[in-house]
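> Residue numbers (our numbering), protein chains in the order written: chain L, 1 to 365; chain F, 1 to 537.
Since the hints were made in silico from the structure, they are not lab data.
All C-beta atoms, glycine included, are put in the ideal place defined by N, C-alpha and C.
There's no promise every hint is true.
Derived DEER-like restraints, expressed as beta-carbon distance ranges [claimed, not checked]:
#1 L/P271 x F/P349: 21 to 31 Å
#2 L/W316 x F/W9: 41 to 51 Å
#3 F/D440 x L/G160: 52 to 62 Å
#4 L/D188 x F/L388: 57 to 67 Å
#5 F/F323 x L/E2: 53 to 63 Å
#6 F/N347 x L/P271: 29 to 39 Å
#7 F/K118 x L/L233: 34 to 44 Å
#8 F/K340 x L/S287: 27 to 37 Å
#9 L/W316 x F/K395: 47 to 57 Å
#10 F/K121 x L/Q151: 54 to 64 Å
#11 F/V469 x L/L233: 47 to 57 Å
#12 L/W316 x F/D322: 54 to 64 Å
Here are the simulated PhoX-like cross-link-like pairs (lysine-lysine), alpha carbons at most 25 Å apart as the crow flies [as the list claims (entries may be wrong)]:
#13 F/K121 x F/K44
#14 F/K395 x F/K328
#15 L/K106 x F/K340
#16 F/K118 x L/K106
#17 F/K395 x F/K237
#18 F/K340 x F/K328
Selected chain L positions facing chain F (in silico; Cβ < 8 Å) [said to hold, decoys possible]:
#19 A70
#20 A98
#21 G105
#22 W118
#23 N147
#24 R150
#25 M299
#26 Y313
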Amino acid sequence: MELLPTVWFVAIAVLWTGYLFLEGFDLGVGMLMKLFARNNTDRRVLLNTVGPVWDGNEVWLLTAAGATFAAFPMWYASLFSALYLPLLIVLVALIFRAVAFEYRGKVDTARWRTVWDWAIALGSFTAAFGIGAALALTTTGLPIDSNGDRQGGPFAWFSGYALLGGFAVVAFALVHALAFLALKTDGDVRHRARRWFVRLAPLALLPLLAWMVALQLLSGKPLTWILVILGVLAGAAAWVLARKGAEGKAFGALGAFLVCATASIFCAAFPVVIPSTVNPAFNLTISNASSSAYTLGLMSIVAAVGLPLVIAYQAWTYWVFRRRVSAAHIPAAHGFLPAIAAKVLVGHAAPGGPAAKHAPQDAGE
Amino acid sequence: MDALEIARWQFGITTVYHFMMVPLTIGLGLVVAVIQTLWYRTGKVEYLRMTKFWGKLFLINFIMGVATGIVQEFQFGMAWSEYSRFVGDVFGAPLALEALLAFFVESTFLGLWIFGWKQLKRGVHLACLWIAVIGSVFSAYFIIVANSWMQHPVGVTMVNGRPVMTDAWAVFTNNTAMVAVPHTLFGALAVAGAFLLGIAWYHLWRRRHDGIDTVGTDGRAVAGEADIPGRDKADYKVWITSLRIGAVVAMISFAGTAITGDMQGKLMFEQQPMKMAAAEAACHDGTGFSVLSIGNLGSKNCNDIVAVIEVPGILSFLAKGDFNTEVKGVNSLLDEYKAKYGTHLPNNPLYGDRAGQEIQYVPVMEVTYWGFRMMIGFGGIAALAALLALWVTRKGLVPQSRWIMRLAVFGILAPFGANAAGWIFTEMGRQPFVVAPNPDASGVDQVFMFTAAAVSPGVSAGELITSLVVLASIYAVLLVVEVRLLVKYARGGVVSAMPELAEARGSEKKEKKDDDGGTPGAPGQPGDSDDVLAFAY
Numbered sequence: 001m002e003l004l005p006t007v008w009f010v011a012i013a014v015l016w017t018g019y020l021f022l023e024g025f026d027l028g029v030g031m032l033m034k035l036f037a038r039n040n041t042d043r044r045v046l047l048n049t050v051g052p053v054w055d056g057n058e059v060w061l062l063t064a065a066g067a068t069f070a071a072f073p074m075w076y077a078s079l080f081s082a083l084y085l086p087l088l089i090v091l092v093a094l095i096f097r098a099v100a101f102e103y104r105g106k107v108d109t110a111r112w113r114t115v116w117d118w119a120i121a122l123g124s125f126t127a128a129f130g131i132g133a134a135l136a137l138t139t140t141g142l143p144i145d146s147n148g149d150r151q152g153g154p155f156a157w158f159s160g161y162a163l164l165g166g167f168a169v170v171a172f173a174l175v176h177a178l179a180f181l182a183l184k185t186d187g188d189v190r191h192r193a194r195r196w197f198v199r200l201a202p203l204a205l206l207p208l209l210a211w212m213v214a215l216q217l218l219s220g221k222p223l224t225w226i227l228v229i230l231g232v233l234a235g236a237a238a239w240v241l242a243r244k245g246a247e248g249k250a251f252g253a254l255g256a257f258l259v260c261a262t263a264s265i266f267c268a269a270f271p272v273v274i275p276s277t278v279n280p281a282f283n284l285t286i287s288n289a290s291s292s293a294y295t296l297g298l299m300s301i302v303a304a305v306g307l308p309l310v311i312a313y314q315a316w317t318y319w320v321f322r323r324r325v326s327a328a329h330i331p332a333a334h335g336f337l338p339a340i341a342a343k344v345l346v347g348h349a350a351p352g353g354p355a356a357k358h359a360p361q362d363a364g365e
Numbered sequence: 001m002d003a004l005e006i007a008r009w010q011f012g013i014t015t016v017y018h019f020m021m022v023p024l025t026i027g028l029g030l031v032v033a034v035i036q037t038l039w040y041r042t043g044k045v046e047y048l049r050m051t052k053f054w055g056k057l058f059l060i061n062f063i064m065g066v067a068t069g070i071v072q073e074f075q076f077g078m079a080w081s082e083y084s085r086f087v088g089d090v091f092g093a094p095l096a097l098e099a100l101l102a103f104f105v106e107s108t109f110l111g112l113w114i115f116g117w118k119q120l121k122r123g124v125h126l127a128c129l130w131i132a133v134i135g136s137v138f139s140a141y142f143i144i145v146a147n148s149w150m151q152h153p154v155g156v157t158m159v160n161g162r163p164v165m166t167d168a169w170a171v172f173t174n175n176t177a178m179v180a181v182p183h184t185l186f187g188a189l190a191v192a193g194a195f196l197l198g199i200a201w202y203h204l205w206r207r208r209h210d211g212i213d214t215v216g217t218d219g220r221a222v223a224g225e226a227d228i229p230g231r232d233k234a235d236y237k238v239w240i241t242s243l244r245i246g247a248v249v250a251m252i253s254f255a256g257t258a259i260t261g262d263m264q265g266k267l268m269f270e271q272q273p274m275k276m277a278a279a280e281a282a283c284h285d286g287t288g289f290s291v292l293s294i295g296n297l298g299s300k301n302c303n304d305i306v307a308v309i310e311v312p313g314i315l316s317f318l319a320k321g322d323f324n325t326e327v328k329g330v331n332s333l334l335d336e337y338k339a340k341y342g343t344h345l346p347n348n349p350l351y352g353d354r355a356g357q358e359i360q361y362v363p364v365m366e367v368t369y370w371g372f373r374m375m376i377g378f379g380g381i382a383a384l385a386a387l388l389a390l391w392v393t394r395k396g397l398v399p400q401s402r403w404i405m406r407l408a409v410f411g412i413l414a415p416f417g418a419n420a421a422g423w424i425f426t427e428m429g430r431q432p433f434v435v436a437p438n439p440d441a442s443g444v445d446q447v448f449m450f451t452a453a454a455v456s457p458g459v460s461a462g463e464l465i466t467s468l469v470v471l472a473s474i475y476a477v478l479l480v481v482e483v484r485l486l487v488k489y490a491r492g493g494v495v496s497a498m499p500e501l502a503e504a505r506g507s508e509k510k511e512k513k514d515d516d517g518g519t520p521g522a523p524g525q526p527g528d529s530d531d532v533l534a535f536a537y
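Generate the whole structure from the sequences, applying the supplied hints.
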């Protein structure tokens, strides 16, 4: 077993865990925009719980992908090209979702908001589903040949595991977001979120648990079964704690469940990064997919300094914005105020002059 | 079209589109950070308003850069898997470091800046913006290190047919990158300069048009006030200061791009002589710079091209710094390239249908020749316009002409055009290579890759055309949305970014009515509710 590729396999597992933990709740909050929020104020409460942090959370995805490229170029190339269409859909979802966060409040009409609400909700759902499917497939197998290229047509990657992984991440993100909202909001939204969490969690954690168990059956080791058991305990603890109203602890226990889940999945998959469903001889492993020791060494040094720093300043962000958000905090939506008022134009320009002609157009915006 | 052509169109469209948002993000970010620093130092109200107004436009644009940047990172693996496998050992590192050291910083600290106006102390809040902006400069550095390695591969040795990094210092201080980074940053500032200039011009014109500002007896501007939210005397200062900052930034950045561009040109004559020969449509060896060449530039056949106007010596000056050295033309380079890298693509299955095809070493000369000239032309026009604008507005007034105002607003597009043309030139000029070989001793021998071998072998043309159509349509729709929002908020003026101005004004008036001018100041205190988030989506 080689040390540096193993270190980077662990590092990438950590990055995916960080991504699913952090963006997990903002993807879930995005879906809840349509499923849970009852009115525009609710939606704005939801948005503002993740407003300052969602973009930073998404960078975990970019870093996971970039680190895979740098540390395991063959893994990156094979996975991303094999899943060409599903990843295209994920990209489209992420584009709309990002733009929607920023643009939703920029025009004060119900129609505009509805369009972007759907973009956030569907974008979050689709991104969560696609990333879950991609992760499930890289742990359970893709039809790759000796060069690492996909055999078969554009949909040859499909298997039941894609659906399982997709549902696993979507369902986890939903309850993770409910736990997050219970912790981050106040008033009606907080209490409803907690009630929803208690009701949904037992069911919603099942797909992820099924993926964990499936991987143990495919390539598990005794040690990884222990992680599965720990995961079940953590999930149960989250439910019990939420029932008791210990919102912070419940959120923490749910995080522990996720860590156990990714740890059990990645440890069971190790050292294979993509099993080939065509021929096990074509499996991509940490040995035949990795970069040189020099590159991995360089990356290790930078990551050893950089990643703790990232965690530190992101933690500080959560500290700065630690207070609960509630409907009372949401300011009224600002109608757009043009710098040109029609009445003034009439006052200053000759009737029928160029200014008056342009006035309705300017003021109407 | 085969898969390779489609993949190249997709990469080109995605990158040029992404690079409309990026220079505005970098350039405007730097400008807003400087303005907020001025506010921090002086406490002058116009600097606060400028920070809020330009910051608002900055954010509307920033998010589009974020959204399209994800495509950039994914498409290497998706559409260019063979390229990713070939270069991964050296090319992946700057990309990963960009995410780890730059994107995290940028997104996290920008979140703090947007929402932290009241949560953070003024100095800390300002520091957050600076950190985010410096993060964006670092991200430019890392991505250009990656790109420069494709232009001039260094710091590697070939192991089993793949370049393996042996000298990270060489990769991260590649001389190509060391001039391309400042060139790109100045290009970004040029965009910001024209952006400030154009929009500030519009508002000064609008104020004059609405009769708010008038001309004094000495011919200088007399700032006035109007019964419109935000249209007070400080508003005049906002726009005249913005206009002047914009014009100065535009001129400095043009000088910067010219100096770094000249250095880049000299390196390129050494590192990629064919690209520069193609930029000149210089078929034969010589010293003359073509001002106008006609003929079928696209024919890749040099006999069809006639240089109509040529300035002797200038080409040599651009390439070598004197007026006499002969610069190699396309014809002699072609023989050299054929001798070194073969006349036909290898019969390797990775080339697919393209295996064994004849190699076209001359880039599409219409693109390189006109791309090069558009880059310089648009850049120069923007700088000249900025100089002219400073002169015209020396008395604090813009002309009343609606057409000149429109020209100033449309002038915003010129540096965007220069940026796009420059990238299209340098990327198309590198063809047929995706990793260009080093003819000189400064790089590593035998490290190169034909673009024809780089595309994903497992991905079908159908998949690629699907993604091309889907992405291009989304880009088109979102461009319309972004531009409309930018126009709307730009026209709205400061009050569109600071609605509190209107509220404050409203309540002040009310108070005046109630107790006749009593209790001024602290109007419309928002109260406790604003403590959670300074800004709300």
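> Each hint needs a verdict: does it hold in this structure or not?
Evaluated hints:
1. At roughly 29 Å, the beta carbons of L/P271 and F/P349 sit within the given window of 21 to 31 Å.
2. Between L/W316 and F/W9, the C-beta spacing of about 43 Å keeps the proposed range 41 to 51 Å intact.
3. The hinted range of 52 to 62 Å is satisfied by F/D440 and L/G160, whose Cβ atoms lie roughly 55 Å apart.
4. Range check, L/D188 to F/L388: Cβ separation about 59 Å, and the 57 to 67 Å hint holds.
5. Between F/F323 and L/E2 the beta carbon distance is about 58 Å. The supplied range of 53 to 63 Å therefore holds.
6. Taking the beta carbon of each, F/N347 and L/P271 are about 35 Å apart, inside 29 to 39 Å as hinted.
7. Judged by the Cβ atoms, the range 34 to 44 Å given for F/K118 and L/L233 holds: they are separated by roughly 42 Å.
8. Taking the beta carbon of each, F/K340 and L/S287 are about 35 Å apart, inside 27 to 37 Å as hinted.
9. L/W316 and F/K395 have their C-beta atoms about 49 Å apart, which keeps the hinted 47 to 57 Å range intact.
10. Between F/K121 and L/Q151, the C-beta spacing of about 59 Å keeps the proposed range 54 to 64 Å intact.
11. Hint check: F/V469 to L/L233, Cβ distance near 49 Å, so the stated range 47 to 57 Å holds.
12. For L/W316 and F/D322, the hinted distance range of 54 to 64 Å is satisfied, since their beta carbons lie about 56 Å from each other.
13. Under the criterion of a C-alpha separation no larger than 25 Å, the hint pairing F/K121 with F/K44 is consistent with the structure, at around 18 Å.
14. At roughly 51 Å between alpha-carbon atoms, F/K395 and F/K328 are farther apart than 25 Å, so this suggested pair is violated.
15. A threshold of 25 Å between alpha carbons decides the hint, and for L/K106 with F/K340 the separation of about 57 Å lies outside it, so the pair is violated.
16. The hinted pair formed by F/K118 and L/K106 meets the criterion: a straight-line CA distance of about 21 Å does not exceed 25 Å.
17. For the hint pairing F/K395 with F/K237, the CA-to-CA distance comes to about 13 Å; that is within 25 Å, so the pair holds.
18. Under the criterion of a C-alpha separation no larger than 25 Å, the hint pairing F/K340 with F/K328 is consistent with the structure, at around 16 Å.
19. Interface restraint check: L/A70 against chain F, minimum CB-CB distance 3 Å, threshold 8 Å, status holds.
20. Because the beta carbon of L/A98 sits about 4 Å from the nearest beta carbon in chain F, less than 8 Å, this interface hint is met.
21. Evaluation of the L/G105 hint against chain F yields a held restraint, the C-beta minimum of about 5 Å falling below 8 Å.
22. With 8 Å as the threshold, the beta carbon of L/W118 stays out of range of chain F, its nearest partner Cβ sitting at about 14 Å, so the hint is violated.
23. Given hint, L/N147 at the interface with chain F, holds; its Cβ is 7 Å from that chain's nearest Cβ, closer than 8 Å.
24. Against a cut-off of 8 Å between C-beta atoms, the interface hint on L/R150 holds, since the closest Cβ of chain F lies about 4 Å away.
25. Contact between L/M299 and chain F, as hinted, is supported at the beta carbon level, the nearest pair being about 6 Å apart and thus within 8 Å.
26. For L/Y313, the interface hint holds, since its Cβ comes within 8 Å of a Cβ in chain F; the closest pair sits about 6 Å apart.
Of the numbered hints stated above, those contradicted by the structure are hints 14, 15 and 22, listed in ascending order.
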